[in-house]
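*Asks:* Join these two chains into a complex; the hints should help.
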Amino acid sequence: MPTPRTSGGAERFELNAGRLDLSPEDMLEMYSTMVLVRALDERIWLMNRQGKAAIVASCQGHEAAQLGAVWAMRQAPSAAYFPYYRDMALAIGLGVTPKETMLGFLAKEGERHSGARQFGLQGIRPDLKLFNNSNVVSTQIPHAVGYALGCKLSREPAAVITCFGDGGASQGDCHEGMNFAAVHKLPVIFFCENNRYAISVPLHKQMAVEHVADRAPGYGMAGVIVDGTDILATYQATQKAVQRALRGEGPTLLEAKVERYLPHTSDDDDTRYRPREEVQEARKHDPLRLFRELLLGKGILTEALDQRFQQQAKAEVNEATEFAEQAPYPEPDDFYEHVYGRV
Amino acid sequence: MPIKSVIEAVREAMYEEMTRDPRVFVLGEDVGKRGGVFLATQGFLEAFGEARVIDTPLAESAIAGIALGAALQGQRPIAEIEFADFVWPAVNQVIGEAARLRYGSRGQAHLPMVVRMPYGGGIRGGLYHSQSVEAFFAHVPGLKVVTPATPYDAKGLLKAAIRDEDPVVFLEHKKTYRLVRGEVPAEEYVLPIGVADVKREGTTLTCITYGLMLHYCLEAAQTVAQEGISVEVIDLRTVRPLDTQAILDSVRKTSRALVVYEDNKMLGVGAEVAAVIAEEAFDSLDAPVTRLAGPEVPAMPFAPTLESVFMLNPEKIAEGMRKVARY
Ligand SMILES: Cc1ncc(C[n+]2csc(CCOP(=O)(O)OP(=O)(O)O)c2C)c(N)n1
Ligand SMILES: [Mg+2]
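Residue numbers (my numbering), protein chains in the order written: chain A, 1 to 343; chain B, 1 to 327.
It is worth saying that the hints were derived from the structure and are not from the lab.
Please note that a few of the clues may not be correct.
Computed list of lysine-lysine pairs in DSS-like fashion (alpha-carbon distance at most 27 Å, straight line) [said to hold, decoys possible]:
id, chain 1, residue 1, chain 2, residue 2
1, B, Lys-33, A, Lys-284
2, A, Lys-129, A, Lys-99
3, B, Lys-316, A, Lys-108
4, A, Lys-152, A, Lys-185
5, B, Lys-33, A, Lys-205
6, A, Lys-52, A, Lys-314
7, B, Lys-199, B, Lys-253
8, A, Lys-52, A, Lys-99
9, B, Lys-323, B, Lys-265
Quick list of the computed label-pair ranges, beta carbon to beta carbon [unchecked claim]:
id, chain 1, residue 1, chain 2, residue 2, range
10, A, Arg-49, B, Glu-187, 37 to 47 Å
11, B, Lys-265, A, Lys-314, 42 to 52 Å
12, B, Glu-315, A, Tyr-336, 19 to 29 Å
13, B, Glu-188, A, Thr-97, 51 to 61 Å
14, A, Glu-322, B, Lys-265, 35 to 45 Å
15, A, Lys-52, B, Glu-315, 25 to 35 Å
16, A, Gly-172, B, Phe-282, 42 to 52 Å
17, A, Lys-52, B, Ala-275, 43 to 53 Å
18, A, Arg-49, B, Gly-107, 53 to 63 Å
Yeah, the Cβ is synthetic: ideal placement off N, Cα and C, and Gly gets one too.
Pulled out of the complex, with its shape left as it was, chain B reads as follows (with noise of 0.2 Å):
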C-alpha cells in the first residue's frame, strides 16, 4: 500500500470528492494560488478552476455563513478555517446556525457542509496557532466532530464529513500534518462517522484518547509494555457522536481507564468519557476513571519552556498508565 502523509491523504480525500460530485467546492483564506497555508489544496485551483477553488475575503464568519447559504442552496461546500484559533467569529454560524438548522426547521432542510480546520500544539504556535477547540463544538447536539489521528482514518473520514447530510467541524492535527505517514489504501474506501478504532490491544487497562495523542499513547504503550503493562489504546477518531459502545467493551474487558487529550482538562472531551464509563461501567472498574490533559491556562505559551510543559508527551503518559495500572 501506498504510504502518505496526513495532509496528503486530506488533499487525497478532498480531491477525489471534487472529482466525484461537481457540488463539492472549497472556499477559505489562501486556499487558491497559495495552496492552502498547510498546502491542503495544493493544485486544485488549476484542476478544478477559481469557480469551486475560492480564496475567500480574511473573515471567517462569512466564510462558514457562506458554506452554511450554499449548503442550503444544494451545494457542498468544504469551509477551510486557516487554524483553528481563527475560528471564533465563526462560531456564531457553526454552532450558533448549523448546528441548529435542521431541528429548528423541524427537518425541512438540512446542511451538507463541513468546517475544516487545523488546531493543536507542540509546533511552537503560542497562544494563537496552537489551541484545541473540539468541546466548544463537541458540546453541540447537531454537530459532528471528527478528529482523527492517522493519513488512513483521515481520508476515509473526510470523505464521508463530505458525504455526510449534516454539517461535520472535522479538525485535523497539525503536528500530524508531515509528522505522521502511514499506509493509504489506493482504491476509494470510506470509514464511518462515530467509529472508535482500536490501534492497540490489551489487558491492563484501556488508554481512551485521539489527535496527534493517540501516537503519544502508542509509544507510552510501547514502552510500559516492557513493564508488563499491557494497555489497549482506543482512538476515538470522532468525538461526536462518541462511540462510547467501544469505550465501555474495553473498560469492562480490562477495568482500569485512562484518558488522554491535549486539550485543557476541565470540561474536555475525557470528562465526557469519564462520565459515560462511571455511569455504565462502575462495577467493572478497578481503578478511579483517570484524565491526563492539558493544564488549567488558558493556551499554550510559545517559549520552548513553557510549551513543553503545556504538552503532554510519551513519558508523561506512560507515568501516567503506570499510576493507573499500580492502582
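Just chain A, with the same shape it has in the complex (with noise of 0.2 Å):
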C-alpha cells in the first residue's frame, strides 16, 4: 500500500497495530502518568488563579504527542530533550516528579532547573540530558542541532528531539536549524506541537501552507504528520524518526496535530480571539478521554483501576503541592555565583 502522502509531499502517519510494540502494562503506565499530569497541570492552572504560581502553560490537549514521542524516545541508546515551555507532559513523563516540578511553579528552593531562578521546568536537568534553556521561541532548535552534531562527532549512537509550536515553526532560528540538520544528515527530531494558534494568532496567520511538515521535502528530510491527540499513533510516529536517526539517516520533522484548551498562559485571556464554539470543539479531542476510551474498549483498563489511577494521581498531586508550598523561597546568598566558573 503506497504510504498517504499531503499534496506538499509529507507522510500522512496511520497507526500500524500489528506493529506496535507496547505490551498492556507499557500503555497502562502511559495511561497513568497521563492522568498525573492532567492533574498535576490543573493543580497548578489553580495554583496560578490563587496567586501562588506566578504563570504557567498548560500542556492539556498535548499530552499523548509529549508522551507518545517521550516513550519512543527513551528508547535510543542516548537521548537527549530540547523542549519548550509547553512541555510539562514530556518532563513528566521522562522523569521529573511532580515535587519538583511544583517546587519549579512556586518558585521554591530545591527547585532544580535553574534553582528557581526561572519560570517552572525551566532551565536544565544534565541527569536527564533535558535542556529547556529558556522561554525564547526556537531558540532551542539550534542548540538541539549542535548536541546532535556534537553527538555524530564522537560517535555517540543518539536520538535528539527538539519541540516547539507552530508559531515556534516560524522563527529564523528554525530554519536555520533544519537546513544544518539536514545537510549533515543528524540525528534530530523537530517535533512540532501544531496546535493552530500562537497566542492569538492563527495558522493561517502564520503560514501560507497548512501543514509545518510539508517544508521537510525543502530541506531533503523526512517529514511526517501525526494525530498528536492519538498518544500510540504519536509513539509509533516518532519511534521511526529515532529509528531513522540511529540508522544515520538523518532528521525528521515529525509534525503533531494537537489542541489547546486553555488560554496561551494563565496571563492569556483566549475570550478577545477565540470562539467558545472552537474550545468545545477542540475539548472533543481530549487525548486524556481518547486513551482512556480506547483502553477500556480492549479491555485493558477497567473502571476499578482507573479510579486507582485517579485517586493516586490526586494523592501525589496533594503530596507535591503541600510539600512545595511548605518549601521556602530560596535564600539569596548564591545570587552572584554562576556567573561564570571558579578559577
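*Replies:* Dropping the structure here:
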C-alpha cells in the first residue's frame, strides 16, 4: 500500500496496530502518567488563580503527543531533549517528579532546573539530558542540532528531540537549524506541536501552507504528520523517526496535530480572539479521554483501575503541593554565583 | 485634565497618529484581535483594518526588517516587539541595518520607523520577561532611544517618534503600564525627543534617572527631604540623544550627582552620564559621581527573594542619596 501523503509531500502517519510493540502494562503506565500530568496541570493552573504560581503554560491537549514522543525517545541508547515551555508532560514522562515541578512553579528552594531563577521547568536537568534552557521561542532548535552534531562527532549513537509550536516554526532559528541538520544528516527529531495558535495568531496568519511538515522535502528531510491526540500513533511515528536517526539517515520533521484548550498562558485571555464553540470543539479531542476510552474498549483498563489511577494521581499532586507550599523561597546567598565558572 | 495610564497613553498616541497619517501602520505578534499582549493596540483592528494592523508570524528579525523595507517605500511603520527580551533576532535589522542606512547611503534614504517594546522587570517575569535593553541600542549612532516614564511623556514622545524621520527604539517599562497614572491633555501635543525633564527641583544633589526608576527616585527624594536632603530629579526621557545640557546645568547647581538605573551597572546608560559629568563639570563636583544600578548578573531571576535583590527600590535609592549627600 502506498504511503498516504499530503499534496506538499509529507507522510500522513497512520498507526500500524500490528507493529505496535507496547504491552498492556506499557499502555497502562502511559495512561497513568497522562492521568498524573493532567491532575498536576490542573492544580498548577489553580495555584496560579490563587496567586501562588506566577505563571503557567498548560500542556492540556498536548499530553498524548508529548508522552508518545518521550516514550519512543526513551528507547534510544542515548537521548537528549530540547523541549519548549509547554512540555510538562514530556518532562514528567522523562522522570521529573510532581514535587520538583511544583517547586518550580512556586519558585521555591530545591527547584532543580534553575534554582527558581526561571519559570517552572525552565532550565537544565543534566541527569535527564533535558535542556529547557529558556522560554525564548525556537532558540532551542539550533541547540538541539548542535548537540546532535556533538553526538555525531563523538560517535555516540543518540537521538535528539526538540519541540516547538506552530508559531515557533516561523523563526529564523527554526529554518537555520533544520537546514544544517539536513545537510549533515544529524539524528534530530524536529517535533512540532501544532495547536494552530501562537497566542492569538491563528495558523493561516502564521503560514500560507496547511502543514509545517510539508516544508521537510524542501530541506531534504523526512516530513511526517501524526494525530498528536493519539498517543499510540505519536509513539509509533516518533519511534520510526528515532530509528531513522539512529541508522544515520538524518533528521525528521514530525508534526503532531494537537489542541490547546486553555488560554496561551495563565496571563492570557483567549476570549478576546477565540470563539467559545471552537474551544468546545477542541475539547472533543481530549487525548486523555480518547486514550481512556480506547483502553477501556480493549479491556486493558477497567473502571476500578481507572479510579485507582485517579486517586493515586490526586494523592501525589496533593503531596507535591503541600511540600512545595511549605518549602521556603530560595535564600539569595548564591545570587552572584554561577555567572562564570570558578577560576 | 483626564487621568490616563501609561498603556492608555501609548495606545492613544498610536491611534491618533494612525488616524492622522495613512502611512502609519502597526505590525507585530498578537497586535490584531488580541490587541497586543499588553493591549497597546486594543481596538485597532476594528478601527483601521487588517491591512494596517498586521499580526505577524512569530519572527522578530522579519518584523524589524519588514518595517525597514516598508519605511524605505515611504510608509511609517510601528513595529512591536512583544517583549524586549525577544528583540535579539531583530538586532541585526535594527542595529546592523536601520541605524546605518542613512549614513551608508550618504543621506539618499532614511527610515521613519519605530520599534516599540516593553522592557524592564519587577513583575515576576524572570530571566526572559524582565530585561533592560536600552544600553545595547543607545550605543549606536543612527538610532534614537526613548524611555518615557509617565503617561504624559509616553504619549507626547511616541507621537514624536512616529513623526521622526529616523529610526526610533521606543522602550516602555512594562511595570509602569498600569501602575503609573497621570494627567494627559485632551488636546493634541508632541514632545521633543532628546530633551530631559526636571521632575523635582532640589539643591543638595542631582539624581539622574529614567523609566520605572524615576518613580522610585521621586519616592526616595520625598523620604530624604524630611531629613533635609533636597534632591533634584532629572528624568532623561531619551537616552540617545542624551540631554547633556540638562544634566550639566543641574549638577553645576547641586555639585553632586547620583545616576539611578535598573539595567546592569557596567557600561550602562549611567556610565555615559557619569563620564559626561566627569568630563564637563569636574570643577563643580563635591562628591564622586555615583551609579546605583542593577547587579552584575546576566538577568533578573524569577523567585521573589531573588528578584528583589536585583531590583532597586525607593529604600535602596534613598540610602544611595544619603551617601552622596553626606560625602
Ligand atoms: C522569540 C520570542 N518571541 C516572542 C515570544 C513571546 N511568545 C511566547 S509564546 C508565543 C507563541 C508561541 O506559539 P507556538 O510556537 O505556536 O507555541 P504554543 O504556545 O502554541 O504551544 C509568543 C509569541 C517569545 N517567547 N520568544
Ligand atoms: Mg501553537
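*Asks:* All the hints need checking, so say for each whether the structure fits it.
*Replies:* Consistency of the hints with the structure:
no.: 1; hint: Lys-33/B - Lys-284/A; result: holds, 25 Å
no.: 2; hint: Lys-129/A - Lys-99/A; result: holds, 19 Å
no.: 3; hint: Lys-316/B - Lys-108/A; result: holds, 25 Å
no.: 4; hint: Lys-152/A - Lys-185/A; result: holds, 9 Å
no.: 5; hint: Lys-33/B - Lys-205/A; result: holds, 12 Å
no.: 6; hint: Lys-52/A - Lys-314/A; result: holds, 19 Å
no.: 7; hint: Lys-199/B - Lys-253/B; result: holds, 16 Å
no.: 8; hint: Lys-52/A - Lys-99/A; result: holds, 15 Å
no.: 9; hint: Lys-323/B - Lys-265/B; result: holds, 18 Å
no.: 10; hint: Arg-49/A - Glu-187/B: 37 to 47 Å; result: holds, 43 Å
no.: 11; hint: Lys-265/B - Lys-314/A: 42 to 52 Å; result: holds, 49 Å
no.: 12; hint: Glu-315/B - Tyr-336/A: 19 to 29 Å; result: holds, 20 Å
no.: 13; hint: Glu-188/B - Thr-97/A: 51 to 61 Å; result: holds, 59 Å
no.: 14; hint: Glu-322/A - Lys-265/B: 35 to 45 Å; result: holds, 41 Å
no.: 15; hint: Lys-52/A - Glu-315/B: 25 to 35 Å; result: holds, 26 Å
no.: 16; hint: Gly-172/A - Phe-282/B: 42 to 52 Å; result: holds, 47 Å
no.: 17; hint: Lys-52/A - Ala-275/B: 43 to 53 Å; result: holds, 45 Å
no.: 18; hint: Arg-49/A - Gly-107/B: 53 to 63 Å; result: holds, 56 Å
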